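2 protein chains.
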Amino acid sequence: MVLRDFTPPSRLLLGPGPSLVHPRVLHALSLPLLGHLDPVFLRLMDEIQTLLRGVFQTHNRFTIAVSGTGSAGMEASIVNLVEPGDAVIVGVNGVFGTRLAAVVERCGGKAVRVEAPWGTCIDPAAVEQALRRSGPVKAVAVVHAETSTGVWQPLDEIAGLCRRYDALFVVDAVTSLGGVPVEVDRLGIDVCYSGTQKCLSCPPGLAPFTMSERALAAAKQRRIPCQSWYLDMALIAEYWAEGTRAYHHTAPVSMLYALREALRLVEEEGLPARFARHRLNSDALLAGLEALGLLPLPAVGRRLPMLNCVTVPPHIPEAEVRAQLLAEYGIEIGGGLGPLKGTVWRIGLMGESAAEAPVLTLLNALEALFTRYGWLTTPGRALQAASGVYGQANS
Amino acid sequence: MVLRDFTPPSRLLLGPGPSLVHPRVLHALSLPLLGHLDPVFLRLMDEIQTLLRGVFQTHNRFTIAVSGTGSAGMEASIVNLVEPGDAVIVGVNGVFGTRLAAVVERCGGKAVRVEAPWGTCIDPAAVEQALRRSGPVKAVAVVHAETSTGVWQPLDEIAGLCRRYDALFVVDAVTSLGGVPVEVDRLGIDVCYSGTQKCLSCPPGLAPFTMSERALAAAKQRRIPCQSWYLDMALIAEYWAEGTRAYHHTAPVSMLYALREALRLVEEEGLPARFARHRLNSDALLAGLEALGLLPLPAVGRRLPMLNCVTVPPHIPEAEVRAQLLAEYGIEIGGGLGPLKGTVWRIGLMGESAAEAPVLTLLNALEALFTRYGWLTTPGRALQAASGVYGQANS
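In order, the protein sequences belong to chains Y and L. The numbers in this note's numbering rise by one with no breaks, and the one at position 112 of the first sequence is 112. If you count the second sequence from 1, you need to add 1000 to reach this note's numbering.
These are calculated hints, taken from the structure and not from any lab test. Certain hints may be false.
Quick list of simulated restraints, FRET-style, between CB atoms [as the list claims (entries may be wrong)]:
(1) Y:W375 <-> L:E1238: 54 to 60 Å
(2) Y:H315 <-> L:E1238: 51 to 57 Å
(3) Y:N394 <-> L:Y1247: 35 to 41 Å
(4) L:E1242 <-> Y:S395: 51 to 57 Å
(5) Y:E213 <-> L:P1039: 33 to 39 Å
(6) L:R1214 <-> Y:D46: 54 to 60 Å
(7) L:G1160 <-> Y:D166: 22 to 28 Å
(8) L:Y1247 <-> Y:H315: 25 to 31 Å
(9) Y:E328 <-> L:P1154: 52 to 58 Å
Partial list, derived from the structure: chain Y residues whose beta carbon lies under 7 Å from chain L [stated by the list, open to error]:
(10) H22
(11) L29
(12) L34
(13) V40
(14) R43
(15) A72
(16) Y230
(17) A234
(18) L235
(19) T244
(20) A246
(21) R264
(22) E268
Since we're looking at a predicted model, the values are computed, not measured. We put the CB at the ideal spot given by N, CA and C, even for glycine.
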């Protein structure tokens, strides 16, 4: 097979991740490698830990990047805590809650599912009921930002329940970290994991991960060893978290260069400004989409700014339009998963993608397509609505 | 924390990996991202599969890159095949065989260890004895290139035993793939995994992985689900291997760009030329090291060309010299692990690092240091010996 040079076509990445990556991060990826035990590389790991603590808003010593994607972060969080027979309450209102429950069961745990319709939040009262009924519960696990539905799960009440019932609190922040507050210490979250390719705007391949001292103690005091060697945090602690820097596996050096640079960009912007930027661009996008007849699936106040899930009216062939957006305009947006397949679009405004130009470019393309197919009688309104939101913010 | 730009110091990477990375691969890493379900990216995945089949010398449909490092490849190979109670014969003669056995046990399997002293090969007769004694055996797992000792394990006889006793044959080719032949189809290897940062000269972060139809069938017909969701090949098959390209996790896009380019370089060179290059440079290095009084740990015929493990005489403080090589000359070599700590050096000549300039540069630095400390009375011999090997090859 003779292959040519690979030249990716230009893409505006507005799907559920990966998001657009800053040129500084792409440059960091291309730097020559260091050994994974080189003193200079170990210093870079220290810096990443410090920067990650900032974005997780935690002082947890055990704050690292798992050498796998966000799903590896999910598996790491469960596989270290859950032993056979342990009950774990899992909020299930989308793909990722469903997956969490499956991972609990693959660890031999008993997943107590607290369900809610896709597009709605998990009700803390239902979590409390499950806590009261289930006997001792090892952990409560919920998805902060359900990427499959665009729902923003409030965490305060569930955090309080975890303290009251002495359960470890596990939070999936794959899509939320860096886009909305993820307050690990204030909420007393015990294990929190994320992915790099969402609001941190780093390529996929690493899972930011933080663990409280009591969660780490639980992981170290297991009755039986963690069933995963690769994700065993008691072992990984020696390489990443406890200063000994003992070899466990070969860290993904280039990806860690990229993560450092992506986190540096987050720090330069500052979390409050970054959160406000995600909010503003989502508001503008949603105003424009509303003018096109596309309304958010989640209720007001429950909508994630970085993952805008809107219902596509039945007369619009959503898959065809998405394919056309990609082929004609180079714009990627996401379709629905599971029960939402064919009925929603998931439009990501994450990290570098959360900006005025992507929002206006997408709305303009949608207006053009909708007009072409006769779904829109008065074009221009979507851009106008978005522009109004930006104008108000600037005034 | 205000961090400066990260500028890695120049390093000649001659440790156990990562190896030097070709500028074309570094450039590929820096290309803008595509979505993990973008048709153009899915085509790139197809190409990687084809290229990996070439380097694994297999027609296995299920030939992919696992989204984790080589250790994730190891875990994936075991966690998919082994169910609680399954017996697995594991060759243990170094760190990675030891790890394989540990992973088998974490999967609830019964690891039947066939041991050999570090620095020697696993004896096929001992494997046969274990097969005869153990009752039904699910798999036999051996390390082709034991990175901790530099031992090259012959596979032919053990392959024959696996067929005779109807056991699956699992081979760790983390360090061998791309440097010496890894003949998956000819030997009937059922599961073979590698890492990208060794003889493929791609950054660490992916594990090339191939699985025979009968291994895949075993993974799909398990009595209980694979205990890892992240590494469940029955699920991953739908994304990578079976044409449906159904979402499982977000693939590490940039790393896969890099792997495609690294594999393209392998294909351009051709496997026979690549193997010969690894051989020649190892011969030259060993000739030079012998002149310095550093002799290989493994016996003749058992020495890996890409991982040269030599005994350091007791009068040489090996850790200090290694640290000096790094600090003064920017050269990384590896020390010993486990029982070999403090007594050996592991010098990697992998992929891009397997070349005349790195060999001569290292020998020159060692000669200078050895002369400085009075361990060498007649300097120049190491370079002369290496040069002689190169001269012979060119004549």
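Verification of the hints:
no., hint, result
1, Y:W375 <-> L:E1238: 54 to 60 Å, "violated, 34 Å"
2, Y:H315 <-> L:E1238: 51 to 57 Å, "violated, 31 Å"
3, Y:N394 <-> L:Y1247: 35 to 41 Å, "holds, 38 Å"
4, L:E1242 <-> Y:S395: 51 to 57 Å, "holds, 55 Å"
5, Y:E213 <-> L:P1039: 33 to 39 Å, "violated, 47 Å"
6, L:R1214 <-> Y:D46: 54 to 60 Å, "violated, 46 Å"
7, L:G1160 <-> Y:D166: 22 to 28 Å, "violated, 57 Å"
8, L:Y1247 <-> Y:H315: 25 to 31 Å, "holds, 27 Å"
9, Y:E328 <-> L:P1154: 52 to 58 Å, "holds, 57 Å"
10, H22, "violated, 11 Å"
11, L29, "holds, 4 Å"
12, L34, "holds, 5 Å"
13, V40, "holds, 6 Å"
14, R43, "violated, 10 Å"
15, A72, "holds, 5 Å"
16, Y230, "holds, 5 Å"
17, A234, "violated, 12 Å"
18, L235, "violated, 10 Å"
19, T244, "violated, 14 Å"
20, A246, "violated, 10 Å"
21, R264, "holds, 6 Å"
22, E268, "violated, 9 Å"
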